[in-house]
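A.B. asks: The primary structure of each chain is shown beneath.
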Amino acid sequence: MLLNQFLVLAAVLFCIGVYGVIARKNGVLVLMSVELILNAVNINLVAFSAMTDSISGQVFALFVIAVAAAEVGVGLAIVLAIFRTHKTVDLDQVDLMKG
Amino acid sequence: MGLVESGKLPKPLTSLLNTSRKYSIWIFQWGLACCAIEMGAALGSPRYDVMRLGVIPLPASPRQADLVCFSGTVTDKMVPAIRRLYDQMPDPKYVISMGSCANCGGPYWDSYSVTKGVDQVVPVDVYVPGCPPRPEALLEGIVLLQQRIGKEDMVERWKGEPLVVS
Amino acid sequence: MTAVSDRQKLAYVNSQAADGRVNLEFETQEGMTLNMGPQHPATHGTLRIIVKLDGESVIAAEPVMGYMHRGYEKLTEVRTYPQVTTLVNRIDWLGSFANEVPFILAAEKLMEVEAPPRAQWIRTILFELSRIANISLFVGDMALHIGAMTAAFYAFRDREFVLNQIEAVTGGRFHPNFDRIGGLKDDLPKGWIADTKAAMEKIRDFCDEMDDLVTGNEIFQARTRGVGVIPADVAQQFGLSGANLRSSGVDWDLRRDQPVGLAWDQADWKVWTHPDGDSFARFWVRIQEVRESTKIVDQLLDGLPAGPIMAKVPRIIKVPEGEAWVATENPLGEMGYYVVSKGDLGPFRVKIRTASFNNVSVVPWVCRGVYVPDVVTILASLYFILGDIDR
Amino acid sequence: MAPKKPKLPGLLKGMGVTFNELTQTVWPGEGAKRFLQPPSPSKGAATVQYPHEKEEPAPRARGVIALKEDNCTVCMLCVRSCPDWCIYIEGHKEKAPPRRPGGKERTVSALDRFDIDYALCMYCGICVEVCPFEAIFWSPEFEYSEPRIADLLHDKTRLGEWMETVPDFESYEAGSEAKVQKVPR
Amino acid sequence: MSADILALSWDSLDNLWAQSALKSVGILAAVLLPAGTFVYLFLFKMVSFMQSRLGPMETGPYGSLQLLAEVGKFLQKEDIIPERADRLLFKAAPYLVVSTVLLVYIVVPFGPDMTFISGAMTGGIFFAVAIASVSTLGVIVAGWASANKYSLMGGLRAGGQLVAYELPLILAVVGVVIQAGTMDMQQIVHAQAGGSIFGVDLIGNPYVLTQFLGFIIFMIAVQAELAQTPFDMPIAESELVTGYMTEYTGLRFLLFFIGEFASAGAFAALGATLFLGGWAVPAAWTDLNNNLFNLLGPIIMVAKMCILGGLIFFVRFTFPRLREDQLQKFAWVILIPLSLANILATTILKVAF
Amino acid sequence: MIAVLAAAAQNADAPVYVAQNVAFGIIAALMVFSAIRVVTTANVVHAAAYLVMVLAGAAAQFILLGAEFVAITQVMVYIGAVVVLFLFGIMLTKAPMRGEEFARRDQWLAGLFTSVVLFGVLIYGLLDGFGRSKIPQDLQPTLTGEVSDSIFGTYLLAFEAISLLLLAAAVGAIVVSKRD
Amino acid sequence: MSHLSSADVDETTEAEAPATDEAREEIVAIFTEELGDALLGSHIRPGDDVWLRVSRDAWRTAGIVLRDRAGCRAFEFLSAIDWLPSPFGKSEDSPTDERPEPDTEIVTGYAGGDTRFQVFARALSYHRKLGVTLKVDLPDDDLSIETWLPVFAGVNWHERETHEMFGIDFVGHGHLAPIYLPGEFEGHPLRKDFPLLARIVKPWPGIVDVEPMPEAEGGADDEEASE
Amino acid sequence: MSEFLRDYLTVAIFAAVAVGLLALVLGLGSLIRPQRVQKDKYLTYESGVDPVGDGWAESPIRYYVFALLFVMFDVEVVFIFPWATRLELYGWFGAIEMLVFIVILSLGILYAWRKKVLQWL
Ligand code: SF4
Ligand code: SF4
Ligand code: SF4
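Residue numbers (the numbering used here), protein chains in the order written: chain A, 652 to 750; chain B, 163 to 328; chain C, 109 to 499; chain D, 793 to 977; chain E, 107 to 459; chain F, 13 to 192; chain G, -3 to 223; chain H, 15 to 135.
Treat the hints loosely; a few may be bogus.
Sample of chain F residues at the chain E side, in silico, Cβ under 7 Å [to be verified]:
{"no.": "1", "residue": "Glu80"}
{"no.": "2", "residue": "Ile84"}
{"no.": "3", "residue": "Val87"}
{"no.": "4", "residue": "Met88"}
{"no.": "5", "residue": "Ile91"}
{"no.": "6", "residue": "Gly92"}
{"no.": "7", "residue": "Val96"}
{"no.": "8", "residue": "Leu99"}
{"no.": "9", "residue": "Thr156"}
Here are some of the chain G residues that sit facing chain C, going by a computed Cβ distance under 7 Å [to be verified]:
{"no.": "10", "residue": "Arg69"}
{"no.": "11", "residue": "Phe73"}
{"no.": "12", "residue": "Leu172"}
{"no.": "13", "residue": "Phe181"}
{"no.": "14", "residue": "Leu186"}
Hints were generated in silico from the structure; no laboratory data involved. None of the values given here were measured: they were computed from a predicted structure. Where a beta carbon is used, it is the ideal one built from N, C-alpha and C, also for glycine.
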């Protein structure tokens, strides 16, 4: 297996994630896109770990997963808070929050 | 479409399927009035224990039921719900009308708010007489229904016709 | 009963109680609307409860009935007295015999006849038997609604003993049609007394078993204690009766406090009350009532007087003009008949005051702010029979 | 009786109850010895296995109405007192030979039709009670479900057949003053 | 199938296809047999006896063919998809639920060589709990996709409950992992069979003894994971009809039904392996690597599973159900702290001795 | 896909290598498709379902790379927990059944542009940087113990920091989501 | 309740005081004091029951007096009576026959009454151990009356029921939606002139030629039923 | 490595077998089961009355809080498992490490409890 096949896959996912973050209206979907990005990172980490036969990459992947979980938790909480005040999760309509 | 409607199902298979329908009847618990208690006794009392016959009184939702036993007075206000819940049951489905009220209006034959028989709303396969029929009478009705299912003509039933014994 | 004489508290209760009439406009409000019924396992058949939810807690609950309305009050106007007797069996179909008694008593009151003692004793015995048949089912039913399925099976099993006895004497498991103006249709068959005593023994065992299986169960208590508390004042405001009232601490039992001429005063028994007014109290009081009933039956069977079972009444019954109200302590609570007669073969107007109608009218009041599962608990603990609500 | 203070936690007690029932069903009886016997649930369970065995309804049970045709005089009392109007009787008058020799010829009513619609009947027993001529009786039979509702209308032949199943009246409990009647056979 | 033959030819079967086919047959047997046994033995018979009745009697001798009749019947039931439901997810949810259950069985050993996996997969119990947690998704999605209020509430309740009780489940397992020092189920079995209690190795060291608290927590959590009374709020039929399954008909419902009992079997298998010593008997009695155990192992295993399964259904039909909030509180306030304490205690004992 | 895999996996090591590549290809294709659906589908719940596919695919890729523990963690945390969290979040926000209203924002074209450009840059960089460097053939699956040793050795501090981070996140989320 | 009681104690009291009932007299006294002229009539059956008829304007006041002064705090029921004789004949008549000219004379019951519709309600006092029945007349042209909701909360459904069954309006109730019958139902079933169609359509079974009653026949066939 | 992958191949095969089998059974069913359109058959079941509202109603926030706590602990478990397998090696040091870790996370539950989110809102 080539290292690059994993890296390219990660890159594709990454870019899709970036597109999602920018283009989606729904706050929850934006968070999902962020997950895509983080997954891309994880794939990179593990691939390098396999490449260099060192364990650190995997440990970092674990940490990334942990951080991602925390991030989703807080992110969704914020989306929910927005939903409660604005009755919508449409990011276009809650621009006033962006201050 | 299905093999049954086109009549392509070989005979032994048909009787096998009939038999499995016969011995696995999930009865939808819907009590309407006094008779419901006797139905409850038939379904729930250890003395009668309808489960012996392969009639499983588990489902509370019409979606999983094969048999509905209308036990009790059908009022005009209830009729739409009866029709709808009957519709919501998946085919093939069977109906037992239990007690005089469900058969014909019974003691309330002259009332302004009671429907004179559930068969005006849904097709009924077996009528169990009584007011209320004792639980064993309901068991007899179920056994009768099972006998008929065992000999049933699947093609007719699949078209939605009432139970026809071939 | 609890001391509730100060006016202030009463005013408060009134405002509270008035709040209880919810009369929801369901489509317009916020939140989620959940229909329980008309076909719903929780509602004993055909009651429909519209529940407005905020998450899992109930903002408002409104019963919709009438799915079992059979027009009793109209039908009584076109039937003769014997025909009405058999018709009213079917109001509270679990305690059928108990339904006949107040009606017959009302007719007897108008006719100024009195049943012979033996008939009255047998009436009382059968009355208590139907109470046992009724409430033992309640015990299983309530446990079932709280999820303990097995208790319901035991209830159905042990209830059969009572039903057998009722059937042996009246010929009907459910609808005896055994009471006649002036007495009873028939006397007890041979061997019945001994069988009944054995059945009472079984019922007492059943009560003990239920105490072990259900009453003492920590989960059951957690589900019922403090759920659906009805204070005594509110209970009176809504006209609650029977065990629902007694479990709110009101010491009132028509069998003791307004005896109507049956033989309850001949037996030694006790009226149980419970101060809490919650679902557990209602359950507990009812179990005790079953025990008391078995005691009453046992004692009355021992002292059954000999004699005829029918007073002298004309063969064709015409009830003289007048109005009479007789209420008895039925299994579900107070059941009364207001009979207006114009001297015909049939009554002119019968107002049937059923226990469940009033008992259930407290549901909107008591179901505010509870959780959905509590609605089921409360409904089960209030214990109504649809026929008794809708008539 | 206040609820006894539980010595065991209620949960365990509850499990004890069901476990006891379980053993009682599988090995009915008393004592520890029963566990040595082979399990016999069909004896231990409260179940009456319906199609194979039947429970015995009480003799007074109101299952179906049987007609003793000879006794009916077409007096229509039962019909008129039936709350459900579910008895249909038609008859005609007939000349009959005198009851005692030498008496005058009588007019009797012959029964053309005697139907009871069991789909409508509310099993109240009023008809049986009012019949002054002991022509109709209760039988505890209950097995007559039908797939067609019209078949629930039993005509007089069918009603007559039920007559065989009518049990004898039982005697009464001590202290009763009612007199025991006979079923005409 | 004869395990003996299987075991003998296992190594020589280098043909992957044959192996896979055998394994597939094996897993189906492993899933459907316990599920069927549980339904017949416990749901139909034991419960009936508990309620002093008989259960199915007419279909075959003592109703033994009842299950076949059920399957035959469900095959013929119409398949209804409510018009407002989300067709894709409505159809997908049963697959998700059932296949995750199937995957749990993979790591369960049924004998010294009767395993679906070689030793190279070390995830073991960790894999099992991870896969089991996925079925939560299936349930929530089923509830949502039905577009029915009862379903939705049932699905949400199920979701909330499953996640809440997954933690005590996993944490209870950790105690075992600490004691055994491995996550591999086969090694856990050997550790129990070969272990000793206070130097006496007569009965090995089934962790039910040393991890009794863990075992209790595990069984409670399993009861909740399976949504059996007293934790059956998600399908509480007196409130929510049948919860997330309300709209499912025919075969799709049957899948859920099978899934329910198969996962009862799966958790019973996990419990039996982790706490009761799995397929093995204490090593002091005999040599475990004897080929005989490839035959006996599954039998011992099924027996142990039945004990746990019986317990599950025994409790289910005895107790009332808790309310949703009591249930959550019980998990978070009692069970999880308790299982954390269990871990700490185990840790200290392990390190100290 | 399994057929190919199985056929390839039958023989010695080298074909396994091929099989790995084939598996990679199939899974990667699935992942990319699902990822695209995640960001394009109108229905939020469907998006979550597709996200599950991506995550499961990633787990499979980890397996291919011998990182068993990470793979299982991926399944457990991502699929078993995070997606559940997403689903709850979706239901809490009244996910509309057919969410036409929640489609793309106005700047979706900009987003597309950005990501395409980004993709180009990344690909260029990757090809340039790693060319045809291979993952070693004798790759051994990582043992959980090794991961553990690493966490509790080299990365101990990070590990404890994670606990603090999780605590902070939990507290934060509770604060945010609890109105009163 | 003299003639029904089986306890000998009651029989002695009956012998002593056949015609007075102080507890119930006291109730009437309370109402007379509070309502004055608005108390239109009263009727006591000693040892059994008491009926009071009040004027329509005093209906709610009467309720409050009943609750607070008379101490009848437990609500029993509220309903109405249509005193019109049934235009469909009596119950022993054949409903399908040609019926005689309907009798429209209105005869009311205890405590009197002037009009066709009468609303009556009952409450119970636990202290006094007696119940009181209140009646009120409604004029035919204005079938409406004040609601009792502020008096007894439980009256809600009873008023809805009475509204549905008799068409009586309860002013201030606010939610007199149908309670029993489906929305499309027309008519007020408990009014005497509401026909039961099934009885009219079905031929009455008792019209075929009838054998005379056994008593009348005079012992031709003397095997009577036991009672 | 190939052993390892083969094990996971088994996993894949099982998943495939599961899905395939279910699909097969469903397909078999579709051959014989009836399909009869009735007026209300496809209506959402709601105890027999017309469904009110759109069925996808807002659900209570506390489920989210529970799920959130779950995620936190799930992540914790991920670290506990490898640690548990190696505890013998780490000895007291490892035990204390984990103690600290668990205590810190338990603060989360404690906080939630104090904030009454574990009570039913
Ligand atoms: S038939 Fe009789 S017992 Fe049955 S519901 Fe009607 S009245 Fe009740
Ligand atoms: S039992 Fe009653 S309803 Fe039946 S025929 Fe006789 S009188 Fe009529
Ligand atoms: S059965 Fe009896 S009551 Fe009826 S017509 Fe014949 S004799 Fe008269």
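A.B. asks: Each hint should be assessed against the structure and marked as holding or not.
C.D. replies: Results of checking the hints against the structure:
1. A distance limit of 7 Å between C-beta atoms decides the matter here; for F:Glu80 the minimum to chain E is near 6 Å, and the interface restraint holds.
2. Annotation: interface hint on F:Ile84 holds; nearest CB of chain E at approximately 5 Å, less than 7 Å.
3. Among the interface hints, the one on F:Val87 holds; its C-beta lies about 5 Å from the nearest C-beta in chain E, closer than the 7 Å criterion.
4. For F:Met88, the interface hint holds, the least distance from its beta-carbon to any beta-carbon of chain E being 4 Å, beneath 7 Å.
5. Proximity of F:Ile91 to chain E holds as hinted, the smallest CB-CB distance being about 5 Å (cut-off 7 Å).
6. With 7 Å as the threshold, the beta carbon of F:Gly92 comes within range of chain E, its nearest partner Cβ sitting at about 3 Å, so the hint holds.
7. Taken as an interface hint, F:Val96 checks out: its beta carbon lies about 6 Å from the nearest beta carbon of chain E, inside 7 Å.
8. This hint holds: F:Leu99 has a C-beta 5 Å from the nearest C-beta of chain E, less than the 7 Å allowed.
9. Checking F:Thr156 against chain E by beta carbon gives a least distance of about 6 Å; that is within 7 Å, so the hint holds.
10. Interface restraint check for G:Arg69: the shortest CB-CB distance to chain C comes to about 5 Å, inside 7 Å, so the restraint holds.
11. Hint status for G:Phe73: holds, given a least beta-carbon distance of 4 Å to chain C, under 7 Å.
12. With a cut of 7 Å, the hint placing G:Leu172 at the interface with chain C is violated, because the nearest CB-to-CB distance is about 10 Å.
13. Given hint, G:Phe181 at the interface with chain C, is violated; its Cβ is 10 Å from that chain's nearest Cβ, farther than 7 Å.
14. Below 7 Å, beta-carbon pairs count as interface contacts, and G:Leu186 has one with chain C at about 6 Å; its hint therefore holds.
Comparing the model with each numbered hint stated earlier shows that hints 12 and 13 do not hold.
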